[in-house]
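Chemist: From first to last, the protein sequence lines are chains P and W. Those letters in the first sequence? Residues 1 to 252, per the working numbering, in order. Those letters in the second sequence? Residues 1 to 252, per the working numbering, in order.
Hints in this document: simulated from the structure, not taken from any laboratory. Hints may contain errors.
Note that the list lumps identical chains together, so a pair holds whenever it fits in one copy or between two copies.
Cut-off 27 Å, straight-line C-alpha distance, at most; resulting in silico cross-link-like pairs (DSSO-like, lysine-lysine) [to be verified]: (1) K44 with K76; (2) K141 with K210; (3) K75 with K238; (4) K37 with K238; (5) K141 with K213; (6) K210 with K75; (7) K151 with K213; (8) K213 with K45; (9) K37 with K107; (10) K210 with K44; (11) K107 with K238; (12) K238 with K151; (13) K74 with K238; (14) K210 with K238; (15) K76 with K238; (16) K45 with K107; (17) K238 with K67; (18) K141 with K44; (19) K107 with K75.
2 protein chains.
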Amino acid sequence: MLTFIGMGLWDEKDISLKGVEAARSADVVCVEFYTSKLVGTEIKKIEELIGREIRVLDRGDLEDNSKSLIEEAKKKNIAVLVPGDPMVATTHSAMRIEAERMGVRTKIIHGASIISAVCGLTGLHNYRFGKSASVAYPYGKPSRTPVNVVKQNWSIDAHTLLFLDLHPEPMLIPTAVEILREAGLDNCYAVGVARAGSDEPVVKCDTLEKLGKYDFGGGLHVLVVLAALHFMEYECLKTFASAPPEIEGLVE
Amino acid sequence: MLTFIGMGLWDEKDISLKGVEAARSADVVCVEFYTSKLVGTEIKKIEELIGREIRVLDRGDLEDNSKSLIEEAKKKNIAVLVPGDPMVATTHSAMRIEAERMGVRTKIIHGASIISAVCGLTGLHNYRFGKSASVAYPYGKPSRTPVNVVKQNWSIDAHTLLFLDLHPEPMLIPTAVEILREAGLDNCYAVGVARAGSDEPVVKCDTLEKLGKYDFGGGLHVLVVLAALHFMEYECLKTFASAPPEIEGLVE
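Using the sequences plus the hints, can you model the full thing?
Modeler: Structure below.
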């Protein structure tokens, strides 16, 4: 059996009680920090919490060599600890299909994810978010995908959550802003969120250009590109994200 | 200080370690089951876990009379336990703005939410979901909002997560299907999800019409109306949601 356990957003204490119990009772406990990171903790602390040694999986273990872990899960209960909520990363669902095909049962224990946390931190309404996208480090020309997604979302009056690339290192907002502007996104308002789930998250709303110069501190960072605002969203952004007064112009 | 603590999806063990610690050290602990429910538990079990009596807030405490709780939070540390992830419900962000205006600091401890869990359970990719919407019990003519949102999302090739009304009682999929069909939605494929976060979630993909006749068991229920599918999403729906073979036709 293969149990994917969400660890939530920031440190080792963001895992649920159910998740800790499942990890403690598994035969083997693995963790992967390839699809996301838990910036506020380290392996040693997680090992202390679970009370045992933890195997760290790399990209290869999750993708090309995932069969060997699944093979092992035919005989043992294997817990895979994952930052955020499992399966939001497509890597996990590919692994889960492979497991079920090989006759290995799978289970998910959910954790907090940035895709809901961003609503709480910004005050933006969940039902006003459209598709999300990722801003990748450019190899050659920057990908137009995130900008196209923002434009698609604008066509239905929806905000866009942008995840920032994690490899080779977590991308910060200034770099993301530069890439987005180069790909043709400009003259718009956005909200930057840093260190969601920590005791000191930073949430700041401004023009995309100005966010590129704002000091958000360390990662992880995400960006939300805004569409039109509900009046309550506007109130929240003023209160929680020091939004400039002119965003009142975005209120429908 | 007012701390909103997410309890996750199903029972009292879905809260994070951080959430339990914060509730245990608060002066007053409240819980609200107005914006959502934790079907797998009861107040008594939550009280045993936290080790103290818990005050149950009703709609009035959260909305019209929210000032009295906030006034109390000027002098005491008040923890508000909330199903799912706090602030996904707009009721919470309204309360949070009110608190900050009255000079009361607020904090959020995140929990697992159906909006990320639905990706794990169905295998649908988070970045392919558009706006979400709610299916409300009709008073007179059914609202066209959810159907309009589905159509907006289709225009950008995005799936739609539909929350089902909770009042006066949690709506189940057959009722939601009836309301949606009456509002003009038909000839489409959807996925029903029941009891996310429990040990026995049910996930079933079929035509909207057929889902209306499927036995999902008890609540809570949500529905995802499908747009075009990525090949991996198709594979997941076949494996995890007993999708009928003809959904291959939805693959882009």
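Chemist: All hints are to be evaluated individually against the structure, with a verdict given for each.
Modeler: Results for each hint:
{"no.": "1", "hint": "K44 with K76", "result": "within (23 Å within a copy, 35 Å between copies)"}
{"no.": "2", "hint": "K141 with K210", "result": "within (23 Å within a copy, 47 Å between copies)"}
{"no.": "3", "hint": "K75 with K238", "result": "between (55 Å within a copy, 25 Å between copies)"}
{"no.": "4", "hint": "K37 with K238", "result": "neither (30 Å within a copy, 31 Å between copies)"}
{"no.": "5", "hint": "K141 with K213", "result": "within (23 Å within a copy, 50 Å between copies)"}
{"no.": "6", "hint": "K210 with K75", "result": "neither (54 Å within a copy, 38 Å between copies)"}
{"no.": "7", "hint": "K151 with K213", "result": "within (24 Å within a copy, 38 Å between copies)"}
{"no.": "8", "hint": "K213 with K45", "result": "neither (34 Å within a copy, 49 Å between copies)"}
{"no.": "9", "hint": "K37 with K107", "result": "both (21 Å within a copy, 22 Å between copies)"}
{"no.": "10", "hint": "K210 with K44", "result": "neither (38 Å within a copy, 50 Å between copies)"}
{"no.": "11", "hint": "K107 with K238", "result": "between (41 Å within a copy, 17 Å between copies)"}
{"no.": "12", "hint": "K238 with K151", "result": "within (24 Å within a copy, 32 Å between copies)"}
{"no.": "13", "hint": "K74 with K238", "result": "between (53 Å within a copy, 22 Å between copies)"}
{"no.": "14", "hint": "K210 with K238", "result": "within (16 Å within a copy, 46 Å between copies)"}
{"no.": "15", "hint": "K76 with K238", "result": "between (52 Å within a copy, 26 Å between copies)"}
{"no.": "16", "hint": "K45 with K107", "result": "both (24 Å within a copy, 24 Å between copies)"}
{"no.": "17", "hint": "K238 with K67", "result": "between (50 Å within a copy, 20 Å between copies)"}
{"no.": "18", "hint": "K141 with K44", "result": "neither (40 Å within a copy, 58 Å between copies)"}
{"no.": "19", "hint": "K107 with K75", "result": "within (16 Å within a copy, 43 Å between copies)"}
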